[in-house]
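Protein sequence lines correspond, in order, to chains A and B. FYI, the working numbering numbers position 270 of the first sequence as 270, with every residue one higher than the one before it. The working numbering runs 1000 ahead of the 1-based position in the second sequence.
All clues stand as given, with none of them false.
Below, simulated DSS-like cross-link-like pairs (lysine-lysine); rule was C-alpha separation at most 27 Å, straight line:
#1 A:LYS72 to B:LYS1076
#2 B:LYS1017 to B:LYS1076
#3 A:LYS11 to B:LYS1231
#4 B:LYS1231 to A:LYS16
#5 B:LYS1148 to A:LYS72
#6 A:LYS72 to B:LYS1230
#7 A:LYS114 to B:LYS1076
Have a look at the derived ranges for each label pair, beta carbon to beta carbon:
#8 B:ILE1203 to A:GLU55: 51 to 57 Å
#9 A:ARG176 to B:MET1005: 33 to 39 Å
#10 A:GLY136 to B:SER1042: 52 to 58 Å
#11 B:LYS1230 to A:ASP226: 53 to 59 Å
#12 B:THR1046 to A:LYS128: 49 to 55 Å
#13 A:LYS16 to B:LEU1038: 55 to 61 Å
#14 A:LYS135 to B:MET1031: 34 to 40 Å
Examples of chain A residues lying across from chain B (beta carbon under 10 Å, computed):
#15 SER74
#16 ILE82
#17 LEU89
#18 THR91
#19 ARG92
#20 LEU93
#21 GLU97
#22 LEU105
#23 GLN107
#24 HIS149
What the hints contain is simulated information worked out from the structure, not anything from laboratory work. Glycine is no exception: its CB is placed at the ideal position from the N, C-alpha and C atoms.
Listed here are the chains, written in short residue letters.
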Amino acid sequence: MNAVIDVQHLKKTFNKETALQDVSFSIQKGEIFGFLGPSGSGKTTTIKILTAQTEKTAGDVLLFGRPANEMKQSNNRKRFGILTDNSGLYTRLSIEENLLLFSNLYQLPKSAIKEALDFVNLYGDRKKKISQLSKGMMQRVTLARAIMHKPELLFLDEPTSALDPVNTQHIYNGLRKLNEMGTTIFLTTHDMSEAEILCDRVAFLHKGKIRAIGAPKDLKKEFGDDSITVELKNGASEVIQNGKQDAEKLFHWMQSNEVSRIYTNEPTLGNIFIQITGSDLV
Amino acid sequence: MNISMTRIQAILMKDYKEFSRNYAVSVMVFMPLVFAFLYNKSGSATIAIYILSINMAFSMVTTYVQCCLIAEEKEKNTLRSLMLSPASLGDILIGKSLFVFIITMVVVALTIFIAGYNPANLFILAIALILSTVFYIALGTLCGLFSKTIMEGSLITLPVVLIFSCGPLALALPSANPISKIAEWLPSSQLVLLAEALEGSYITMDIIIPITSIIVWSLVTWIVAGFIYKKRMVD
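With the rest of the complex left out, here is chain B:
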């Protein structure tokens, strides 16, 4: 794939300028921080609650912002202009994703700090968080590609927020419950299970299974997103 750092940087800078002037979307970065503050003040300091606020950051910031950036490009026909420029599929997707990746990293770090979460193994958790970010960016890209307008994009991301942020809550159901069984394999639930394992005495498989499942989610979602993008290149 033909990838150029100059082109990636150009798209990244353009997205930064557009995002910083689009208050309707940029205000969303503060939502997870508010939730993290409220959780901290509520005194319900469990791992599940800490990760819930992180998962909210992924849905509300990573997926929502990525979806809106792409949906707006489609609404204003600028995505087609980018596609007709020398920017390759890789340049466009990496350029747009890099911006959301940076914002996500900042928001997640602030969320952890504000919520007062002090993970037992920051290194392993950081790997899982980075992989989760990659997955949620792919999810946002997919939502954006299916939306024609920002309004549609906002609607499409609502069930995503619900399923992926609140999905781990189903883990509290009895383990025989089919909803609990399905929810267990969501990347957000895997992040909770990993974080909980890290706080106790864990075995290697407690780390490998969640990390692998998040990687699989990411890969599948990116492959589908790439396929849909290529299909959207032609009418």
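The following block holds chain A by itself, in its conformation from the complex:
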């Protein structure tokens, strides 16, 4: 196995408050991994520890097989890209000038700026000053900066929180393309539908602990039931379980053209989160 991130028994305390407790997970090369949890659950702290912005209290944290602390080294920083809600931009400079600075810091060709701006659908606005942009546009500029050097590992902290549906879809397509090109993505979000669309595996983080981890479809199988609900034309609805008796009932309704709608009772990731933690994702 080729683990890009390997976290074992991670603990982080701020003064006497525990932010993360016995957190363990590993992410393989090429995976899109969703770290899901409500605000204050420890998602951003985890990213900060992984990117050597915060010291861990205990546990082992490896990135590319090396201690995360080594990510402070200049050359290692080229291996990852990061977008967080506190990734600042130079407001008096234009979009292009902001990216030019970072393309020089990463020693990239000028063409990297155009590629990154095309990725976030902002090439036409490249001359606009950051101070003139909406929050969503700023988020796209930050994302462009994070992916400009084609990192092996991309940390995204709520990447589409300020975006409209059209741009969200555009970003999703771009992230899938990046992932197909080999970029491993560590995504934190409290948007369960985003996680379902993008992630190969997810972990539920609640009050600093991982409560469940796995592929969305496996978690749904584990925590959901395989019944379906049938709505009839007379307004009645009935839950149908697997089995001969219910199958005959369903066959009868269908034959007599009584069925109005059929849908599965598969839980959403949000339902599972509530089921596991007893609290909502806000």
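Take the given structure of chain A and dock chain B to it, following the hints.
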């Protein structure tokens, strides 16, 4: 330390663009020039007055601008973005300092010209001025690292301006006065003592002591600034 000229130049150009569009900070470069003009017109042409206007340039331009550049980066979270890029500690500090160094050299040269100061030994004075610039940049860096916003940075630099620009005025107090004794060792006072020595018949120690003390101030301040910067890299 991993240092890259491309990265230093990128940070220098970025700071130039940001500074030239930030009128609240960039207007400060004219203050020492106004003072130099007023001193020139007042007719009080003493070495202490010439150096006072130069020391004001160091405090108001070098320290203040460096402090504001760093404080603003912290306020807007851009310093963290730089720290997460491949730019090393050296790239960031040299890139930011180089811009302020260039501005300081221009402002100090103009201040000397406008004040009408004609130093007896320009070469030795130039060495002292360059070393002083290095010290005041370190001081500005330190002030910036301790500030969370530009507003805080402006407040923090006020006592610096007061102590380092006006400190040499305490040299006029009787030499037994403890304030005078302490003030004598400020780099700004050492610059005054050096400039005064250069106008008369001086011995080697009159040059070595001020230059050495400015170097020591610079070294200590840069070491502290580097240490604080590294601590600021992690939360």
